[in-house]
Structure formats: structure tokens, C-alpha cells
Amino acid sequence: METPQHDYITTNGIKLHYVTQGSGPLMLMLHGFPEFWYSWRYQIPEFAADFKVVAPDLRGYNDSDKPSEQSAYVMKEFVKDVEGMIRGLGYEKCVLVGHDWGGGIAWNFAYAYPQMVERLIVMNHPHYAKLSEGFRTPQQLRRSWYVFLFQLPIIPELFVQSQDYKFIEDAFLGMAVDKSTFTKEDIDAYKNAIKKPGALSATINYYRNVFSTQMLNQNWSILEVPTLMIWGEEDTALGKELTYATQDYVKDFQIRYIPNCSHWVQQEQPQLVNQYMREFLRA
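Numbering (the numbering used here), first residue to last: 1 to 283.
Hints in this document: simulated from the structure, not taken from any laboratory. A hint or two may mislead.
As the list claims (entries may be wrong) - Listed next, with one range per pair, are the computed distances between beta-carbon atoms: (1) Leu141 / Asp7: 36 to 46 Å; (2) Glu224 / Thr183: 34 to 44 Å; (3) Thr3 / Ser132: 41 to 51 Å; (4) Gly88 / Val147: 23 to 33 Å; (5) Arg87 / Thr3: 19 to 29 Å.
Unchecked claim - With a straight-line cut-off of 35 Å between C-alpha atoms, the simulated DSBU-like cross-links for lysine-lysine are: (6) Lys15 / Lys195; (7) Lys184 / Lys52; (8) Lys166 / Lys179; (9) Lys52 / Lys196; (10) Lys191 / Lys76; (11) Lys166 / Lys240; (12) Lys80 / Lys15; (13) Lys240 / Lys191; (14) Lys196 / Lys179; (15) Lys184 / Lys15; (16) Lys93 / Lys80; (17) Lys15 / Lys166.
Glycine included, each C-beta is placed from N, C-alpha and C at the ideal position.
With the hints as extra help, turn the sequences into a complete structure.
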């Protein structure tokens with residue numbers, strides 16, 4: 001099989017870097033914070049046998065464009081990026097996969113363009129109706145301490161940069177159940193990506209806009225797109241209880257919990273994640 005290729009695409013007025021492998025129907029994989037396309041390194045070759053797998057760096061990340069305005073990092077722009085990418089690659093629909101922030105974008109895209117999502121796979125990001133409920137509980141507010149820190153100007157950037165970006169190392173090694181999941185090379189790759197000019201403020205701006213938009217205050221209808229949720233049960237950032245009753249918002253919904261696994265589910269338990277994805281796609 002061919003090796004992954006790097007390329008760029010212009011969408012919604014910006015240039016996004018992406019990695020691609022395989023041919024066939026489109027599978028689009030959206031990463032989270034503080035990651036980049038690399039977080040899908042165990043899924044890209046696995047699904048390239050049956051799909052054209054495309055894993056972009058989201059706007060603001062790694063080698064993609066990094067608009068300087070804080071207003072560039074709002075959900076409506078992320079959704080437009082995805083739409084333009086699908087069409088720009090020559091497709092009308094895709095299997096959409098997202099983790100963390102990428103999962104949040106995937107949820108919103110599936111609502112905005114259900115006809116463009118054949119199947120939806122979301123990992124460790126709750127439906128926004130459930131996330132909104134979570135932000136009303138003390139336990140989730142404690143888990144989300146960093147979201148509130150990231151509302152401040154300048155201070156979050158200084159905090160993340162301190163001690164050679166120790167925050168990045170702690171985010172992965174501190175949260176992982178299996179500490180051997182991430183090698184020094186993996187941590188260095190994530191650090192180097194966020195050290196690129198403009199990347200740190202851009203990625204934090206995703207959080208700075210959370211409360212100024214209506215993301216958490218919408219009236220959500222029933223999603224018609226067949227959806228699989230995969231959830232690492234030992235997620236210290238997003239509690240498992242945020243997954244309960246998701247089926248109230250999704251007509252065709254499945255969930256797979258993975259015990260002894262952290263927020264970084266597709267990296268910590270790639271074989272199980274790949275297995276559950278395959279079973280869902282074959283159904």
C-alpha cells in the first residue's frame with residue numbers, strides 16, 4: 001500500500017494541510033487539542049485499505065493557516081472548513097470521524113449538513129446538549145478548569161509555554177492510563193506543532209470563543225445520521241456521565257465504552273478503536 005502523502009487544500013478562504021492515504025469513499029478525520037493530524041497515525045493506514053482517508057490539521061494547528069483574529073475560531077467557520085474540504089476533494093459526502101474538538105466539529109457538521117455525512121464516529125466528545133448539562137454540575141466544572149483559564153488574555157500562552165511546554169507533556173502523559181502510549185518522540189511532535197508561529201494562540205482561541213457563541217445554548221433536534229460514539233472511560237477532562245442518554249438526540253446511536261483508557265482513546269487503545277469502527281461501518 002502507498003505511504004501517507006502530505007498535501008494542502010484551500011477551503012473557506014484559508015489553506016489547510018492534510019495527510020492522506022488510500023482511495024475510495026472519503027473518510028475525514030478531525031483531531032482535537034492539543035494535537036494535529038498525527039493523532040490518527042494508527043487509524044490512517046488501517047482504513048486506507050477501503051477509504052481515501054484524509055486527516056487535516058484544523059485551522060490554527062501545525063502546518064495549516066493560522067488567522068490572527070480571535071473571531072476566526074468559531075464553530076461556523078470550522079463547519080465551513082469541513083464542507084469546503086469535502087467538496088474540494090471531489091466528494092459529496094464522507095464518513096466523518098472526530099475526537100475531542102474534532103468531535104465537537106463533527107457533531108455540528110452532521111447537524112448542519114446531514115446529507116454530507118454517511119456515518120458519524122465521535123470519540124470522547126459529548127453531544128453538545130449533554131456538554132451543556134455538564135457545565136451546570138460542580139464535577140464537570142472542576143474537570144474543565146483549563147477551559148476557564150483559557151478565557152484570559154496572554155496568561156494561558158505563558159502557562160503553556162512555561163518549562164518547555166510542560167503543559168503539553170502533562171496533558172498526554174498525565175492523563176494516559178498506559179503511560180507507555182506516548183513516546184518522547186510523540187510528545188516532541190506535539191510540542192513542535194504547537195510551537196509553530198501563531199499556533200498556540202490560535203488553538204487557545206478555540207476555547208476563548210466557547211462562551212461568547214451559542215454553542216452550548218442551542219435547541220438540538222434529533223440527528224438522523226447513524227452515529228457511533230467511542231469513549232475511554234478514564235477521561236479526566238470529560239466525565240463518562242456526559243454520554244448518558246445521548247440516544248435521546250440521535251435516532252440511530254451506538255456507544256462503545258473502553259475501560260482502563262483515557263481521553264486519548266484512539267492512541268491508547270488503537271486496536272479496539274479500529275475494531276469498533278470496522279464493526280460499525282460494516283453494519
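How the hints compare with the structure:
no.	hint	in the structure
1	Leu141 / Asp7: 36 to 46 Å	holds, 41 Å
2	Glu224 / Thr183: 34 to 44 Å	holds, 41 Å
3	Thr3 / Ser132: 41 to 51 Å	holds, 42 Å
4	Gly88 / Val147: 23 to 33 Å	holds, 32 Å
5	Arg87 / Thr3: 19 to 29 Å	holds, 26 Å
6	Lys15 / Lys195	holds, 19 Å
7	Lys184 / Lys52	holds, 30 Å
8	Lys166 / Lys179	holds, 16 Å
9	Lys52 / Lys196	holds, 28 Å
10	Lys191 / Lys76	holds, 28 Å
11	Lys166 / Lys240	holds, 27 Å
12	Lys80 / Lys15	holds, 13 Å
13	Lys240 / Lys191	holds, 28 Å
14	Lys196 / Lys179	holds, 26 Å
15	Lys184 / Lys15	holds, 30 Å
16	Lys93 / Lys80	holds, 14 Å
17	Lys15 / Lys166	holds, 29 Å
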